[in-house]
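Enquirer: Sequence:
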Amino acid sequence: MKLGEIKSLSNGQKWAKFNGRLLLLGFGSVGQTMLPMFLRHIQCDPRQITVLEKDNTLDLFHEKFGHTGIKYIIKEIVEENMDQVLSEYLGPGDLLINLALNIDGIEIVLWCLEHGVLYTDTSIERWPDRPDEAIPRLEDRTLYITHQKLRAATAKYKGRAATSLVTNGANPGLVSHFTKAALIDIAEAMNLDFQEPQTKEEWALLMEATGTKVVHIAERDTQVLDVPKVKGEFVNTWSCEGFWAEGRAPSEMGWGTHENICPENGFIHREGPQNAAYLAQPGVATLVKSWVPFGGSYNGFVIQHSEAITISDYFTVWENGEARFRPTVHYAYCPCDSTIASAHEFRGRELRIQDRKRVAKTEIISGIDELGVLLLGHGLNGWWYGSQLGIKEAFELLPGEGPTSIQVAVNMLAGIVWMINNPMMGYIEPDYLPWKEIIEMSRPYLGPIASVPTNWSPLQDRTSLFQAKIDTKNPWRFENFRVIS
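Positions 1 to 485 (my numbering) are the ones given, in order, by the sequence shown.
I should point out that these hints are in silico values taken from the structure, not numbers from a laboratory. Computed from a prediction, not measured in an experiment: that's the story for all the values here. There may be inaccurate statements among the hints.
Heads up, simulated DSBU-like pairs for lysine-lysine below, C-alpha to C-alpha not over 30 Å straight-line [as the list claims (entries may be wrong)]:
{"#": "1", "residue 1": "Lys149", "residue 2": "Lys17"}
{"#": "2", "residue 1": "Lys357", "residue 2": "Lys75"}
{"#": "3", "residue 1": "Lys14", "residue 2": "Lys158"}
{"#": "4", "residue 1": "Lys200", "residue 2": "Lys231"}
Using C-beta positions, here's what the derived DEER-type ranges look like [as the list claims (entries may be wrong)]:
{"#": "5", "residue 1": "Lys64", "residue 2": "Pro228", "range": "48 to 56 Å"}
{"#": "6", "residue 1": "Gln195", "residue 2": "Glu319", "range": "20 to 28 Å"}
{"#": "7", "residue 1": "Asp226", "residue 2": "Arg352", "range": "40 to 48 Å"}
{"#": "8", "residue 1": "Gln274", "residue 2": "Pro399", "range": "42 to 50 Å"}
{"#": "9", "residue 1": "Leu39", "residue 2": "Asn422", "range": "19 to 27 Å"}
Even glycine gets a Cβ: it sits at the ideal position worked out from N, Cα and C.
Could you put together the complete structure from these sequences and hints?
Expert: Put into structure tokens, the structure is as follows:
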């Protein structure tokens, strides 16, 4: 096992200089983590920074940042006032960090592209009056369709407008770089004769050469709280609303070429590159078997995430207009115990979120967020690469901030540094950023980084009490991972 040490932060070494204005939308768990990181590593004038938050967290803001000169405004962006509000705080060369909920992700990206404003976010949202209930067709609730629409709407700006880096947190975001790092380690361990890929096509060919068939975004959160969840409360180590929105959406996955049939109770998209499938059930009702180094084998939720769409697309090998090779890619998420209880409760509420919500931070007393990628089906069977950041290390890095928020924020910050240095790229997804540069910049905040082989497979750890239908001839099929009994 290769374990990385937490490197010295070099007394707040500056990674870039930014002279423009910054508008930070949202002051939730990630916003509260991102802001001190930005001040620590970006040379800037804090008086040029404005935080826009729809809820009143002014006391918390003043406690943490009241001495900095940063402005805090209580205001909600809605469809009717978006242009007016953004125009008040942003102009060409400025930066918008969107960590808010319920702002249409396509419309705000287009606004920034048209106004010369650098933009980044961690997820693609919709206006609050367009929830899943207002979208009759299941496929239209998927991120595959959303990405297709966003790519089409922004195509003319590619390489010709201010950089808009979308879905760039930990996952989606950092895990795209972990996938490349794992692939290099696998290819080297297999003694393949290869040069490090420089293009999307070369990366896809290398993954095909290794025989990789499945990429799990394998995350096991073992953080323990000393303030238990109570009835009617949603507790999470990151955004409660974010998990709820993803968890109640159709379960979704990138669909590999080794999958010989449609997923049970599911469908394959028949428009665009057709690299994704979805189920007629929510992510919190869909479990698969997966594996992480410390946590071992576990059951995880297949919750819709953008990396399932972008990674499966990025690593597709095309031949004569047909996909010759593509891996199956999806999230396999086992959150902390309090969040599992919260998910069961909101399932019992017919997918309606609880009235009370709590993001756990200082009440976390132990545990880690083991977040990485598990590549399976290649010449070495399995390989996991990722971060094993614990609560003790997290509090040493940023007092009061938990591992989950730090993993998200540091990759977002590394992406911002890249944007500052590459300000005219137009619309771009994390998979196209320089993976080594991003990982190295993020590394001081990721705790130990493990890159380890494993002999685990979904055919192991099967109960004898209830016989599942297992395809031993095609062991890496999605159905072999599903937890039915």
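Enquirer: Let me make sure I understand: some of the numbered hints might not hold for this structure. Which ones are they, in numerical order?
Expert: 1, 4, 5, 7
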